[in-house]
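Engineer: With the hints as constraints, model all of the structure from the sequences given.
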Amino acid sequence: MTTVPENDNPFPENVDQLFLNCRVATMAHGRYNMIEAAALAVAGDKIAWIGPMDALPGPLPDTARKTDCQNRWILPGFVDCHTHLIWAGSRAKEFEMRLAGASYADIANAGGGIFSTVKATRAADEDTLFDLASRRMAHFLNQGITTVEIKSGYGLDLKSELKMLAVAGRLQQAFPQHIEATFLGAHAVPLEFAGRSDDYVRQVMDVMLPEVKHQGIAACVDVFCENIAFSREQTRQVFEKAKDLGFAIKLHAEQLSDSSGAALAAEMGALSCDHLEYLSDEGAKKMADHGTLAVLLPGAFHYLKETRVPPVETFRQLAVPMAVATDLNPGSSPVFSMLPVLNMACLLFGLTCEQALAGATFHGAAALGLGDCKGSLARGKDADFVIWDVDTPADLCYLTGITPLKQVVIGGKPIHPENERT
33 MTTVPENDNP
43 FPENVDQLFL
53 NCRVATMAHG
63 RYNMIEAAAL
73 AVAGDKIAWI
83 GPMDALPGPL
93 PDTARKTDCQ
103 NRWILPGFVD
113 CHTHLIWAGS
123 RAKEFEMRLA
133 GASYADIANA
143 GGGIFSTVKA
153 TRAADEDTLF
163 DLASRRMAHF
173 LNQGITTVEI
183 KSGYGLDLKS
193 ELKMLAVAGR
203 LQQAFPQHIE
213 ATFLGAHAVP
223 LEFAGRSDDY
233 VRQVMDVMLP
243 EVKHQGIAAC
253 VDVFCENIAF
263 SREQTRQVFE
273 KAKDLGFAIK
283 LHAEQLSDSS
293 GAALAAEMGA
303 LSCDHLEYLS
313 DEGAKKMADH
323 GTLAVLLPGA
333 FHYLKETRVP
343 PVETFRQLAV
353 PMAVATDLNP
363 GSSPVFSMLP
373 VLNMACLLFG
383 LTCEQALAGA
393 TFHGAAALGL
403 GDCKGSLARG
413 KDADFVIWDV
423 DTPADLCYLT
433 GITPLKQVVI
443 GGKPIHPENE
453 RT
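Converting from the sequence shown to my numbering requires adding 32 to each position, the first position being numbered 1.
Derived from the structure by calculation, the hints contain no laboratory data.
All residues carry an ideal CB built from backbone N, CA and C; glycine is no exception.
There may be inaccurate statements among the hints.
[Stated by the list, open to error] 20 Å max Cα-Cα, derived EDC-like pairs, lysine to aspartate or glutamate:
| hint | residue 1 | residue 2 |
| --- | --- | --- |
| 1 | Lys-245 | Asp-189 |
| 2 | Lys-275 | Glu-243 |
| 3 | Lys-337 | Glu-128 |
| 4 | Lys-445 | Asp-230 |
| 5 | Lys-275 | Asp-238 |
| 6 | Lys-78 | Asp-48 |
| 7 | Lys-273 | Asp-230 |
[As the list claims (entries may be wrong)] Derived Cβ-Cβ restraints for the label pairs, each shown as a range:
| hint | residue 1 | residue 2 | range |
| --- | --- | --- | --- |
| 8 | Leu-190 | Asp-138 | 37 to 45 Å |
| 9 | Glu-45 | Thr-384 | 38 to 46 Å |
| 10 | Ile-260 | Glu-299 | 18 to 26 Å |
| 11 | Thr-95 | Asp-163 | 37 to 45 Å |
Structural biologist: Written out as structure tokens, the structure is:
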């Protein structure tokens, strides 16, 4: 399929880069929208023109830097809309425990899981966390991920949560990728509040949320609504406070059981509900009615050896957009690349290659409220894209064990993958 965008106007005078002899999948509206024998022009940090080579307006600016793409594919940079990228410690031992038969809930109830990471993250100073997270960000860059959502949630006290969000701010200054920080103070009930979850919820609402807002270090608030975390009512309370303070909201929902959290989040205007293996038909309908996206996390499904698949066919029938993300975290999804996630989304969840790629670009951006500027290639949108040495976009879902990335461009700036920081 070839789509020719509206590009009747000549090049703006400030066009400074031209990418020629390429093939483009714009991913506009969640479809490939392929353009063969294409060109793409950049002015500053925005896309200025995109279309077939034979439709290029002339004359070409003499001062523009020209890149011959040698018939390679250009796609939007991946938008990883759900990660827990900042943490300290290792949970490899828990992986061995799960292989021996322990469940995610078993490990959590025994004081492991999130709590072991909380202990290590609280003990680490900000510089240590920054150094650890920097390695992960550099790897993401090498994998074509140009926008990253980063959650807190491994601090579970004011000091440690603020420390994590401060690290996210430092990462934004050090790396070219765009970062969206999310406050996930309601990730688990910390051990010092064991048996007093309502008291901890009040701490989140009355102390943590106002301070996060005051410092302006997160745009969104997330909650883990689950039988091992927070109830539907507690989730509602946190979201009401968050919305009063002007935060956007999203939810970890229906991962291990049906808590009806997705329906609540949708009714409250959540950007997305994430995981959703145990989502009911009623919850899916609420998401459709209120325009809430589904974020699928096949890495966690795979690592936890789950057998219940999110209701993908229901989402298709109800036209609920499906984003796809790594869920990078030390316990249930230590996945550092979007490429295996695309493969798992197809093989484990039944997405088509086009749907998986749309989930990691167009719908991923929408799940962060960034659909107007990121996630697809169109005139006026951010010039965030990747040049891939593949025969077809589907290769990014099909091939495993390689990363056929040739060039990353973020905000119009070519980034060499081997460079770790700006």
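Engineer: For each hint, tell me whether it holds in the structure or not.
Structural biologist: Evaluated hints:
A threshold of 20 Å between alpha carbons decides the hint, and for Lys-245 with Asp-189 the separation of about 16 Å falls inside it, so the pair holds. About 15 Å separates the Cα atoms of Lys-275 and Glu-243, which keeps this hinted pair within 20 Å; it holds. Distance restraint check for Lys-337 and Glu-128: the Cα-Cα separation of roughly 13 Å lies within the 20 Å cut-off, and the hinted pair is therefore satisfied. Pair hint Lys-445 plus Asp-230 does not hold up; C-alpha atoms about 48 Å apart against a cutoff of 20 Å.
For a cut-off of 20 Å, the pair hint linking Lys-275 to Asp-238 stands: about 13 Å separates their Cα positions. Distance check on the hinted pair: Lys-78 and Asp-48 sit about 10 Å apart at the alpha-carbon level, within 20 Å; holds. A hinted pair counts as satisfied when its Cα atoms are at most 20 Å apart, and Lys-273 with Asp-230 qualifies at roughly 14 Å. A C-beta distance of roughly 30 Å is found between Leu-190 and Asp-138, which places it outside the suggested range of 37 to 45 Å.
Between Glu-45 and Thr-384 the beta carbon distance is about 41 Å. The supplied range of 38 to 46 Å therefore holds. Ile-260 and Glu-299 have their C-beta atoms about 23 Å apart, which keeps the hinted 18 to 26 Å range intact. As the Cβ distance of Thr-95 to Asp-163 is approximately 40 Å, the hint placing it in 37 to 45 Å holds.
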